[in-house]
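Chemist: Given next are the chains, with one letter for each unit.
Number of protein chains: 2
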Amino acid sequence: MQEEHKQLKLFFEPRAVAFVGISAKTGALAFNALENLLACGYEGRIYPVNPNADDILGLKAYPDVKSLPGPVDLAVISTRRSLVPEIVKECVEKGIRAIIVIGQGFSDAGDEEGRQLEEKVVRIARAGGARILGPNTIGVTNPFFNFTTSFLRQLRIEKLPIALICQSGIFFGGFCDGLRLLGKGIDIGNASDVGVADCLEYFEDDEDVRLIVVHIEGVRRSGEGRRILEVAGRVSKRKPIIVFKTGRGRQAASAIRSHTASLVGDDDVWDAAFEQCGVLRARDLDELHDLVRAFCNLLPTKVENVAIVTLSGGMGVMALDACDEYGLRAATLSAETLQKLREMLPAWLEVKNPVDIFPAIMSAEEKGEVLMRSVEAVLSDENVDALLLVAGTWLEVVAPPLSDVLKAAGSFGKPVIWCPYLDWAFNVSVEDVEQKLKEKGVENVAALPTPERAVRALAALQKYVEFRKN
Amino acid sequence: MQEEHKQLKLFFEPRAVAFVGISAKTGALAFNALENLLACGYEGRIYPVNPNADDILGLKAYPDVKSLPGPVDLAVISTRRSLVPEIVKECVEKGIRAIIVIGQGFSDAGDEEGRQLEEKVVRIARAGGARILGPNTIGVTNPFFNFTTSFLRQLRIEKLPIALICQSGIFFGGFCDGLRLLGKGIDIGNASDVGVADCLEYFEDDEDVRLIVVHIEGVRRSGEGRRILEVAGRVSKRKPIIVFKTGRGRQAASAIRSHTASLVGDDDVWDAAFEQCGVLRARDLDELHDLVRAFCNLLPTKVENVAIVTLSGGMGVMALDACDEYGLRAATLSAETLQKLREMLPAWLEVKNPVDIFPAIMSAEEKGEVLMRSVEAVLSDENVDALLLVAGTWLEVVAPPLSDVLKAAGSFGKPVIWCPYLDWAFNVSVEDVEQKLKEKGVENVAALPTPERAVRALAALQKYVEFRKN
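Protein chains in written order, with this note's numbering: chain A, 92 to 561; chain B, 92 to 561.
No lab work stands behind these hints: they were computed from the structure. All values derive from a computational prediction rather than experimental measurement. Any given hint might turn out to be false.
The list treats identical chains as one, so a pair stands whether inside a single copy or across any two.
Here are the computed lysine to any residue pairs in the SDA-like style, where the Cα-Cα straight-line distance is at most 20 Å [what the hints assert, rightly or not]: (1) Lys443 to Arg348; (2) Lys393 to Asn561; (3) Lys157 to Ala490; (4) Lys431 to Gly201; (5) Lys180 to Leu159; (6) Lys458 to Leu429; (7) Lys458 to Ala490; (8) Lys443 to Ser345; (9) Lys151 to Gly161; (10) Lys443 to Arg341; (11) Lys116 to Pro450; (12) Lys116 to Met453; (13) Lys554 to Pro391; (14) Lys393 to Glu366; (15) Lys443 to Met463.
Same shape as in the complex, but just chain A (with noise of 0.2 Å):
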């Protein structure tokens, strides 16, 4: 294990890399992995192999792996398909242990010169000691090393407490809207070799990770789904994994064959054993999004019975409706709240949760006085797990502003996520207040963007505390 760790690792923090077949072509549309990395302010040794090319963005080039002057931990081929097994031959021989083959064209193309070639390819690395990530993958990037092999430029890379195991490229392009880079990343791509199972491991013990994000359309061997379910059981004991599992019905099974070469299983199977081993299933894109801001962000404790304080009674019931179809309680408020709550609304309200606080906000002087007090009443009310908090980004421009009531209202140490809706009139975006919310180190709080999805991630963050206790 020790060992295999070490191997790994030689993908996500490479003291060298070689970049084979890397194209001397650059700009935005010439997806030249080299050029990203060069902008990423990476450490390490940098070897372009070309054989058509002296130096490449300013570094010598080579012309085949045998000549490399030094030891490589990593080689990343980009070359067309045919040309690989050859290269693979020359890393082994040359000592390295780690190779990404970006290329596709192997199991998941059509012919069986496809699937010959990968075999193949594999054949020569596991004799020759190495591991191969890949074919048809973007790689690995890793914010926390300055690395990427990524074809793709990043638009935004954080060093988040996130780790992604995915099988589509598309996921180091970007998340939905507001998550562009995940942390460390891996594309396991036709997972000839390196699996879901292995980067779990991997990560497991990587302390940089408090989460871990899995897209997977299907396995490539019997009993690689056992493994990959068994070590998730183990890991999610430690750390929450969400997985994106795709390929769910009868349609899809045929496409993935000729993605990634996997075979997706039974869907059936696969919800049940998720649930069995403590793994948080993402339905859709979207959820997905949801549920890794909601884990990135909020701390798992108990979410039973949620407060809801919102700027409109109809998205108040709207979080109801959510509460009732995602299995958490409205909670109920006690007596000593509700009386703090009366204090700054109208005499004819009948206060309850939700707390519409619409009517005081419009006639309040103090407005960011009625909302900072509204929710402290609320998250001091010992019956409240966490709060659900309906106010648009507009009331970021009132005193205390609106970052200033998150801030407040995450130091109580219950989840909080705050649905910014109802706006108007003011320049003021999301993103603004949670720039704001970042620079003033606001913690246990998450933005997402309707009541439904901000409840379904509440009651996703309740399952996983409720599996941490069993």
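For chain A, the structure is supplied; the task is to place chain B on it using the hints.
Modeler: Okay, now just chain B, sitting in the frame of chain A:
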């Protein structure tokens, strides 16, 4: 009926409007409806009524309704609740036949007084031949008449061919990202008098309106649900109706009693009834957003067989999962189409639907040409009813740009949904591309954020087409 139409028209197109109890306070945090109306360019007469001011926002103010100099079509009352019955009485004596009661604290309040005040208001209005909108409403907005009574500032008002009937002012503040205002809007609030069915009938004949969106929490009176469904069943044969019925579960029911004083009813019954009368039901805010976008931009034509052209094999798989879930088929492409595609794609690639054009985009010099030819190939195929295109906004910088490709795609008369994904490194946003689409007069193209949501919207389109056929 004709008479009722004329009377409801007073709410949407008043030649003269009185704002009773309007404040002299202005500015973005003053929630001043009059200020918002003046910003709209309304050309009718405006009478502020406020005994404590001589003029408001440059308009002569009157001490009470009876002092108003000319005839008034519509009164908008925003005083505290106890004053409202007396003012309504003055209004009907003045001959005003349309009255909006903005304030809260009527049947939505927790007390008996509120309930009685509302009853009194309705009684007085009915006796005087006037209709009441509200209480507890933001009123009306009509960009076709440069008119609004909303105290929430509008960020973007457009003459979209959409009517919104809602029971919560939240929808006047904005939908989810991207759709700020929805053409004509009416907030029925407590629905003490004007209700959903009245509004549906009004919009049935409104030539500005092609699509009707309804947010409803419940009904006030026995028999009202039946009437809504009767009218909806008739109207939806002419125009699609999208309903977002909240208050689905047990927990929501009691909250709704105090939000809009409505009875939620049995959710399964609503479900079955909507189904029967051809009404499309959105299950949450995101789906509401998506269906509005889809029905607003796409012609309702057959969508049984969907072609997927994608820059990400992984997202093609997600689209297929959604096809399985929502009952659509991935189109079987004709031999001719496959041949056209093969000419652009690597020889080893098994070409089929979903069509993964990323390998070709990666290597081609003419990236825009690959995109254009792929899209035209599948849309020319008679086996294909609709297109889902997964393509990054960055393709706007190639030639021909993405927006030209979408324009060409829309011209086939088949619904096209574009998922803007796989972005990096270019400062092109979804909004930029959408702006271009608008400038170019692109039709039959809608942008939605994920493949799953795109397929769900296409399935709703197909459902409506089926309903209209029968």
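Chemist: Are the hints correct? Go through all of them and say.
Modeler: Here is what the structure says about each hint:
1. Lys443 to Arg348: For lysine 443 and arginine 348, only the inter-copy Cα distance (12 Å) is at most 20 Å; the intra-copy one is 53 Å.
2. Lys393 to Asn561: Cα proximity of lysine 393 and asparagine 561: one copy only (13 Å, versus 51 Å across).
3. Lys157 to Ala490: neither (66 Å within a copy, 41 Å between copies)
4. Lys431 to Gly201: Intra 68 Å, inter 17 Å, cutoff 20 Å: inter-copy only.
5. Lys180 to Leu159: within (15 Å within a copy, 94 Å between copies)
6. Lys458 to Leu429: Classified as within: same-chain Cα gap 19 Å, cross-chain 62 Å, threshold 20 Å.
7. Lys458 to Ala490: Only inside one copy: lysine 458 and alanine 490 sit 7 Å apart there, 51 Å across copies, limit 20 Å.
8. Lys443 to Ser345: Classified as between: cross-chain Cα gap 10 Å, same-chain 52 Å, threshold 20 Å.
9. Lys151 to Gly161: within (13 Å within a copy, 87 Å between copies)
10. Lys443 to Arg341: between (47 Å within a copy, 16 Å between copies)
11. Lys116 to Pro450: between (61 Å within a copy, 17 Å between copies)
12. Lys116 to Met453: between (59 Å within a copy, 12 Å between copies)
13. Lys554 to Pro391: within (9 Å within a copy, 41 Å between copies)
14. Lys393 to Glu366: within (18 Å within a copy, 39 Å between copies)
15. Lys443 to Met463: Within one copy only: 17 Å inside a chain, 56 Å across chains, cut-off 20 Å.
Hint compliance for this structure: hint 3 is the single one not met.
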